[in-house]
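The primary structure of each chain is shown beneath.
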Amino acid sequence: MKLRFIDYCKHIKEGKLVGLKCEDCGHYIFPPKSYCPNCGEDRLNKAELSKSGKIKTFTVVRVAPEGFTPPYIVAIVELPEGPQVMGNLDYDPDKADFSLLGKQVDIGWKSVGGDRYSAGEGVALSFSLVI
Amino acid sequence: MREVAIIGVGMTKFGKHEETLLEMFGDAVEEALLDAKVSPKEIEAVFFGNCLGGFEEGQMNISPFGASVLGLKDIPTTRFECACATATVAIRYASLSVASGCHDIVLAGGTEKTLVMGTPFATRTFAMASDSRYEGFSGITFPGAFAMMAMLYSKQYGIPLKTLKERMAMIAVKNHRNGARNPKAHFRKEITIDDVYNSMMVADPLQLYDCCPFTDGASAVIITTLEKAKKLCPKPVVVAGTGQGSAGSLLDQKDLPRLRAREVAAREAYKQAGLTPKDIDVCELHDCFTIAEIIASEGLGFFDHGKGSEAVEKGETDIGGKIPINPSGGLKARGHPIGATGAAQVYTIVKQLRKEAGDFQVDGAKVGMVDTLGGDFSVVCNLILKRGW
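Protein sequence lines, in the order shown, are assigned to chains F and H. If you use this note's numbering, the first sequence closes out at 116, no skipped numbers anywhere. If you use this note's numbering, the second sequence closes out at 645, no skipped numbers anywhere.
One thing to keep in mind: the hints can contain errors.
Here are the computed lysine to aspartate or glutamate pairs in the EDC-like style, where the Cα-Cα straight-line distance is at most 16 Å [unchecked claim]:
hint : chain 1 : residue 1 : chain 2 : residue 2
1    : H       : 418       : F       : 66
2    : H       : 510       : F       : 82
3    : H       : 578       : H       : 566
Quick partial rundown of chain F residues pointing at chain H, CB under 10 Å, derived from the structure [stated by the list, open to error]:
hint : residue
4    : 11
5    : 51
6    : 87
7    : 116
Keep in mind that the hints were calculated from the coordinates and are not lab data. Remember, it's a predicted structure, so these values are computed and weren't measured experimentally. Cβ coordinates follow ideal geometry from the N, Cα and C atoms, glycine included.
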């Protein structure tokens, strides 16, 4: 696989959202894979993805896994290149309603400490509404 | 391939158990063996479902111990783990092992003890069934994934969230009504729409009564060839078709609210059985959350896409309706010990086809379907069962 998680984390901390692109069919891929899910070829190279997109769906998590403090918003954002990413929307959970669907967001990141089961720390994408 | 049939089923009552994972499994298997009139030493292989034994009891490698509890030695035993679809997948592979001629009589089932973990840690372990690297660090939960699905469903089909929530609440009421008639159900109490609306918000728009509970329990089935089954038992239930599909990370799924994994699995199961959705008389499907029942009822072909919630309002999924769904109470009321759930669904369908379902019997049920989903829509397994007499 041409894009490792550790490198994805490093890139996002440098301000770049990186996925893969298939050199054969042009398909953008995220999360990373060994073969293109569109055409099955393996000529995949790293490609920078837009750090903005549209909210496809979201929820307010009010009962959280151990290690997380609710309430917080989890959203799926669709990038202009096609792939979808998951992260947390920086927005008042009690004001979050259906009208958020389709809204444009900018994409940042934050460190997440992780727990004894998470193989160390990771990053969560953070989304902010474009006003 | 040989024709395959189920000759015995067993399950513990679902709910809170003091018994260990293996004690519960033993109890379920004892009932299944008695039902099949088969002795333990006739079992040639065990297909053992368990998801979280490592967290629940610090127990890994559980399948050989499960066999040993039953006095079974020497035979192959294998643990299956496909999140909530675990036991259904175990039963599918158990059936395939018999169909292929590899074994003649096998045991499949599962056991799970989720309540001991408490809600925050259980929520953490369930969330491990999503993509740990690219989803998990956002704090996604299972109610959260299905809540996002409910939002998408509302938007995709132009059903206002208020209307969708009313119809989802009707599913909770229906499944509790059914569960109240099932002596093995976790919850045996009827609820009202107001109970749903007054319950705490878990992940907007899903409230507590939109969600299935954490549950302890075990279930087991005995599988053999149809030829042998006809000699051993008056009412063998044929495994007429099985199907299984995978869809990877939630982020890879672009067709939501339609689930590709289910459509692939169901198509294969129908094809093998030579049947269509119209032929199904009763269905136990994956209602881990109320929205999940709507989506499954469409994905299995009982209703057009976007019409599943309307069907609930019309009572078409009630016992006595066009296609009775979850007469046992479903995951919602029967309960959801994840590694055991699929075998409990099979237990229910077998009882329905044999006309042994008591107060939640669907009249004249001859063909039944099982649908179980694992992870954030990443695996679905379907079984079609029919009378073999």
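Next on the checklist: For a C-alpha distance cap of 16 Å, please report whether residue 418 of chain H and residue 66 of chain F respect it.
Outcome noted: Distance of about 33 Å is beyond 16 Å: violated.
Next on the checklist: Take the shortest C-beta to C-beta distance between residue 11 of chain F and chain H; is it under 10 Å?
Outcome noted: The hint is violated - residue 11 of chain F has no Cβ within 10 Å of chain H, the shortest such distance being about 16 Å.
Next on the checklist: For the restraint on residue 51 of chain F, tell me whether the closest CB of chain H is nearer than 10 Å.
Outcome noted: Holds - the Cβ of residue 51 of chain F comes within 10 Å of chain H, reaching about 4 Å at its closest.
Item to check | Supplied contact hint for residue 116 of chain F, tested at 10 Å Cβ to chain H | outcome: Violated - the Cβ of residue 116 of chain F stays beyond 10 Å from chain H, reaching only about 22 Å at its closest.
Checklist entry - Was the hint right that residue 87 of chain F lines chain H, CB cutoff 10 Å? => result Constraint on residue 87 of chain F satisfied, holds at 8 Å.
Next on the checklist: Please verify whether residue 578 of chain H and residue 566 of chain H have alpha carbons no more than 16 Å apart.
Outcome noted: Holds, because 13 Å separates the two Cα atoms, which is no more than 16 Å.
Checklist entry - Is the straight-line distance between the alpha-carbon of residue 510 of chain H and that of residue 82 of chain F 16 Å or less? => result Judged against 16 Å, a Cα distance of about 22 Å means the pair is violated.
Taken one by one, the earlier hints fail for this structure at numbers 1, 2, 4 and 7, listed in ascending order.
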